[in-house]
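Visitor: The primary structure of each chain is shown beneath.
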Amino acid sequence: MIASDRFCLLLSVYTACRSDFRSIIADGEMKLFIGEGNPHCLKVLAALELSGVRCETQLVKHEEKVVPYLTHPVLPILQLPSGQHLFSPNSICQYLFDISGQKATDATNQWLEWEATNLQPAVLQSLQLVALQGKRVEAAAVMKEPLSWLEQSLSKRKASFLTDEVVSVADVVLWAALYPLLSDSAFEPGDLQAVRGWFERVCSVSACQSAALRVLQGKGAEALKSFLQKQPVTHTPRRDSPSNSTEAEDSERELSPEEIEEAAQVYSEGLKDFTVVTERKHPVLPQEGKRNVLITSALPYVNNVPHLGNIIGCVLSADVFARYGRLRGWNLLYICGTDEYGTATENKAREEGLTPQQICDKYHCIHASIYQWFQIDFDFFGRTTTQHQTEIAQDIFWRLHERGFLLEDTVEQLRCEGCQRFLADRFVEGECPHCRYPEARGDQCDKCGRLINAVELKNPQCKVCKETPVIRSSKHLFLNLPKLEQDLEQWLQTSTAAGDWTTNARHITRSWLRDGLKPRCITRDLKWGTPVPHPDYKEKVFYVWFDAPIGYLSITANYTDQWERWWKNPQQVELYNFMAKDNVPFHSVVFPCSLLGAQDNYTLVNNLIATEYLNYEDTKFSKSRGVGVFGDMAKDTGIPSDVWRFYLLYLRPEGQDSAFSWTDMALKNNSELLNNLGNFINRAGMFVSKFFDGCVPEMLLNDDDKRLIAQVCWELKQYIQLLDKVRIRDALKCILNMSRHGNQYIQLNEPWKKIKGGAEDRCRAGTVTGVSVNVACLLAAVLEPFMPTVSLSIRSQLQAPESSSRAMLSGPGAFICTLPAGHRIGTVSPLFQKLENEQIEALRKRFGGLQTPSNSSVAVESKPNAGAAQHTPASVTADPERAKQLTALVAEQGEKVRALKAQKAEKSAIGVEVAKLLDLKNQLCLAEGKTPEPPAQKTKKK
Amino acid sequence: MALRELNSLERFLGLKKANKYSTQGGKKVPVLQNNNGPALTGLVTIACHLVKEAKRPELLGDDAEQRAVVQQWLEHRITKLDNCSKEEVKVILKDLNRYLEDKVYLAGNVFTLADILMYYGIHHIIVELAIQEKECYLNVSRWFDHIQHYPGIRHHLPPVVVLRNRVYPSGHH
Chain A
1 MIASDRFCLL
11 LSVYTACRSD
21 FRSIIADGEM
31 KLFIGEGNPH
41 CLKVLAALEL
51 SGVRCETQLV
61 KHEEKVVPYL
71 THPVLPILQL
81 PSGQHLFSPN
91 SICQYLFDIS
101 GQKATDATNQ
111 WLEWEATNLQ
121 PAVLQSLQLV
131 ALQGKRVEAA
141 AVMKEPLSWL
151 EQSLSKRKAS
161 FLTDEVVSVA
171 DVVLWAALYP
181 LLSDSAFEPG
191 DLQAVRGWFE
201 RVCSVSACQS
211 AALRVLQGKG
221 AEALKSFLQK
231 QPVTHTPRRD
241 SPSNSTEAED
251 SERELSPEEI
261 EEAAQVYSEG
271 LKDFTVVTER
281 KHPVLPQEGK
291 RNVLITSALP
301 YVNNVPHLGN
311 IIGCVLSADV
321 FARYGRLRGW
331 NLLYICGTDE
341 YGTATENKAR
351 EEGLTPQQIC
361 DKYHCIHASI
371 YQWFQIDFDF
381 FGRTTTQHQT
391 EIAQDIFWRL
401 HERGFLLEDT
411 VEQLRCEGCQ
421 RFLADRFVEG
431 ECPHCRYPEA
441 RGDQCDKCGR
451 LINAVELKNP
461 QCKVCKETPV
471 IRSSKHLFLN
481 LPKLEQDLEQ
491 WLQTSTAAGD
501 WTTNARHITR
511 SWLRDGLKPR
521 CITRDLKWGT
531 PVPHPDYKEK
541 VFYVWFDAPI
551 GYLSITANYT
561 DQWERWWKNP
571 QQVELYNFMA
581 KDNVPFHSVV
591 FPCSLLGAQD
601 NYTLVNNLIA
611 TEYLNYEDTK
621 FSKSRGVGVF
631 GDMAKDTGIP
641 SDVWRFYLLY
651 LRPEGQDSAF
661 SWTDMALKNN
671 SELLNNLGNF
681 INRAGMFVSK
691 FFDGCVPEML
701 LNDDDKRLIA
711 QVCWELKQYI
721 QLLDKVRIRD
731 ALKCILNMSR
741 HGNQYIQLNE
751 PWKKIKGGAE
761 DRCRAGTVTG
771 VSVNVACLLA
781 AVLEPFMPTV
791 SLSIRSQLQA
801 PESSSRAMLS
811 GPGAFICTLP
821 AGHRIGTVSP
831 LFQKLENEQI
841 EALRKRFGGL
851 QTPSNSSVAV
861 ESKPNAGAAQ
871 HTPASVTADP
881 ERAKQLTALV
891 AEQGEKVRAL
901 KAQKAEKSAI
911 GVEVAKLLDL
921 KNQLCLAEGK
931 TPEPPAQKTK
941 KK
Chain B
1 MALRELNSLE
11 RFLGLKKANK
21 YSTQGGKKVP
31 VLQNNNGPAL
41 TGLVTIACHL
51 VKEAKRPELL
61 GDDAEQRAVV
71 QQWLEHRITK
81 LDNCSKEEVK
91 VILKDLNRYL
101 EDKVYLAGNV
111 FTLADILMYY
121 GIHHIIVELA
131 IQEKECYLNV
141 SRWFDHIQHY
151 PGIRHHLPPV
161 VVLRNRVYPS
171 GHH
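Which chain is which? The protein sequence lines are A and B, in order. Per our numbering, the very first residue in the first sequence carries number 1; after that it's consecutive. Per our numbering, the very first residue in the second sequence carries number 1; after that it's consecutive.
Just so you know, not all the hints are guaranteed correct.
[To be verified] Derived DMTMM-like pairs: lysine to aspartate or glutamate, alpha-carbon spacing no greater than 25 Å straight-line:
1) B:80 to A:36
2) A:144 to B:82
3) B:86 to A:836
4) A:31 to B:102
5) B:52 to A:106
6) A:103 to B:63
7) A:733 to B:133
8) A:756 to A:698
9) A:65 to B:95
10) A:733 to B:135
11) B:94 to A:63
I should point out that these hints are in silico values taken from the structure, not numbers from a laboratory.
Can you build the whole structure from these sequences, using the hints too?
Guide: Put into structure tokens, the structure is as follows:
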């Protein structure tokens, strides 16, 4: 059959399907968008004419975006009647054939797939060689493989066309791909008889001829030149770009010329004589005429080893802010300590066979060393079991008593006869009287969040022995919150209006007040606590929620005997409380009521900063299940403290919960710290030492430099505005933006190339290096609150002047040239290390927990009335160093056993060595923080 | 890789007798040895063939438009998604994310072969994404999670955790 016959056939198909078209076109117009000199349009135009489908075509520019969701403009595009777009030329052809009655078959599919995956890449490369470089021989070589495959396939078949005796979509698609090459007489692909014959047959189809004329306009591959120039060069092997542009998509801010000039001006003025940093002298006391800032972070409950959520929620957040405040020159005191009284401690002591005091001593040290490792720079880290605590708590108690803010009432309490004691709220569980949640605790329901009196619980159970407790009555004292409500509301109004309260803190406080305040019991039938001084209550102690916040005062009193200058001085002192959200009501409602009622001019909280919860890899941290990373384990991971700080702060749960993820941590370390921040600082320093003998070169600022200075300066001002408002996480992003700008600046100006050029180029290299190393110096300053060790090592590598950080961070912030021309820097070395996938996988496994997730939760500890005693067995503390040694020993011992077996040594001799091997393996498991296999296995035969 | 994909597809389609496959060339293009006809080469070609064999033509699209859209995404999978560079990955995810903004499946409201093969092909990319990145490509994540939970699809691939609540605030500060 020859080509012309095909037309009659097509025509009939066309007529038969006509009614279909009408209905389609009635929905919406179909439209074909094509580009000039675009080889992909060839097949589409040919298919369109051949199929007889009526469709408007529109010529658009290469860079015009027809499909809204595609980033890079693509042509040809077929807009379907439904409004959808087809952007694949082959699918367009297929569609046109489909609606004209030629359905796809396995054979056409196969050719189309081959064309798209094998032929097309070769054709594009070949066309580029021909049209852009005139290299026809190389172009022919590229085509050799696909063409000989085609030759083989065609010569095996007897049919005129690829799949049949008539032209199919496969013929059109392949022909159009090859046409610009094969129609070029100078292109010599070798002896291809079958291909040539087939090619000529398709060429004689008039639809193909007119399409070819329309696209190539008789100019051959030349006509495709401008299209081909815009295509990526295809012969270079694809490689992953080393540049890091993750999250660089923050919209660029437009800077006005005035802003740029001003920033450059400030920069060039350099470091003026700025008052030299004064050493911190203890005790820090409020000073007249200074901003006096008192910072507390929620007191961690002593017998829980804090997990990452606790650390980011309280001490670390407060630490960043404290360090920032000190840099800003505020007169600042940061105090914290362990909260030590309560039933949980008593219980823990019973468990470990120690006295409560011994338990507190032991765990206080654990806490202190964890925070030290995380570089939490407290001015004082104290504890609540002190004489000052007793004195201050009793004083506040008497003042409340004298002023009539205490009520006396008989309380019905749950007593477990099995355990022979009154049950603390945490030790009783039952159904919530409000929402019927079956696992409500004695003080609060985890589900609806309402406070509960333990006796109100339905079906109560002792958590220790599971027996049903009985109700006994006992006389107790209550803080009369309703009587204090008015004072509280008045104070809250001013405090929340003037200070920074996080949204969740405001919200939680408001909902507490809305529900109405009720008297709250402040005494307990316990021994381990601050004794109630009233003679009628001799056997009782203060309830922890009343007692614990007083810890802030007593800890300060242990720091300085002039503690009242901080705590009874609201005129001079600004108080910041840091905590997780579950602690908000105690700091915003209950404790302020105690202090207001005591009427002793106490300093009340001005700024209440509460975080949401941090989850662990999509689940909750759980000590009992071994899920998550706890403070004492972080240092065993081998990951530096600063990197931990960085990542925790990067995901600080501001505004909503966030989740710790190992992969994400590795990613952030490798992309942000290593490739962005570390890379920039290291390059800037290396250029100075390598190209300029370690001396900062002269800087002659041009517009590019000034623009960079202005950009960095803008980020600095943002950073300051954000941190002033305690938006810690967002401020960290500003730092990363600064170094991103810096990297782009270096990349664009290529000082490493310019240094090899003429005098002008060398001068340019000098300026770029000088500005970059000054940005690095600024980075050291802004990093100090976040990563103190890294900051210090940058400063020492650059030999940064003592006062530079404080000069740049004073007032609204100013990016100053603090390393002037001629300044000599020190030895530059890399700041960060890559976190490898295997390392991260191993850590994820190690901390992934042993059991399947259940609902037991320790999200962020709730401090007053805190946690039931849960702890890890002491033996499971990983030790990577020891693990390394043991791995070697295990290998060695294994060799020995194998050798003995090979020698057919005596059974008993082998047995001894095997026993040694097993013992080593068990030790290795322990050192890796895993539970060793039970040894019983070895007696079983395999 | 492609062979495991085809095996999973066969299981999804409920094809009883196991087909024989081999691969061709350095790129390991799958080849289906066919008793009653010539061998078929290429992932998409074989997949379409299997769908027809299983008498599930709706998986290739119900009408011409849908068929074209399905073919287009199948081609996209093998030409763009496979062997793409890191930089290209971002564009692919971004474009796909925008495309899926108003769609449940790749072909609109019906599940097709395009979803299956795109899911198989994009899995190794999604696995590597950090939580924050998954949130950047919210529609892709949603679609991906949907497909991996579609009965009988996942087979040879490990499940990927997709958080249902956002962890990071959206974009700008």
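Visitor: Each hint: holds or not?
Guide: Do the hints match the structure? See the list:
no.	hint	verdict
1	B:80 to A:36	holds (24 Å)
2	A:144 to B:82	holds (24 Å)
3	B:86 to A:836	holds (18 Å)
4	A:31 to B:102	holds (22 Å)
5	B:52 to A:106	holds (10 Å)
6	A:103 to B:63	holds (11 Å)
7	A:733 to B:133	holds (16 Å)
8	A:756 to A:698	holds (17 Å)
9	A:65 to B:95	holds (13 Å)
10	A:733 to B:135	holds (17 Å)
11	B:94 to A:63	holds (19 Å)
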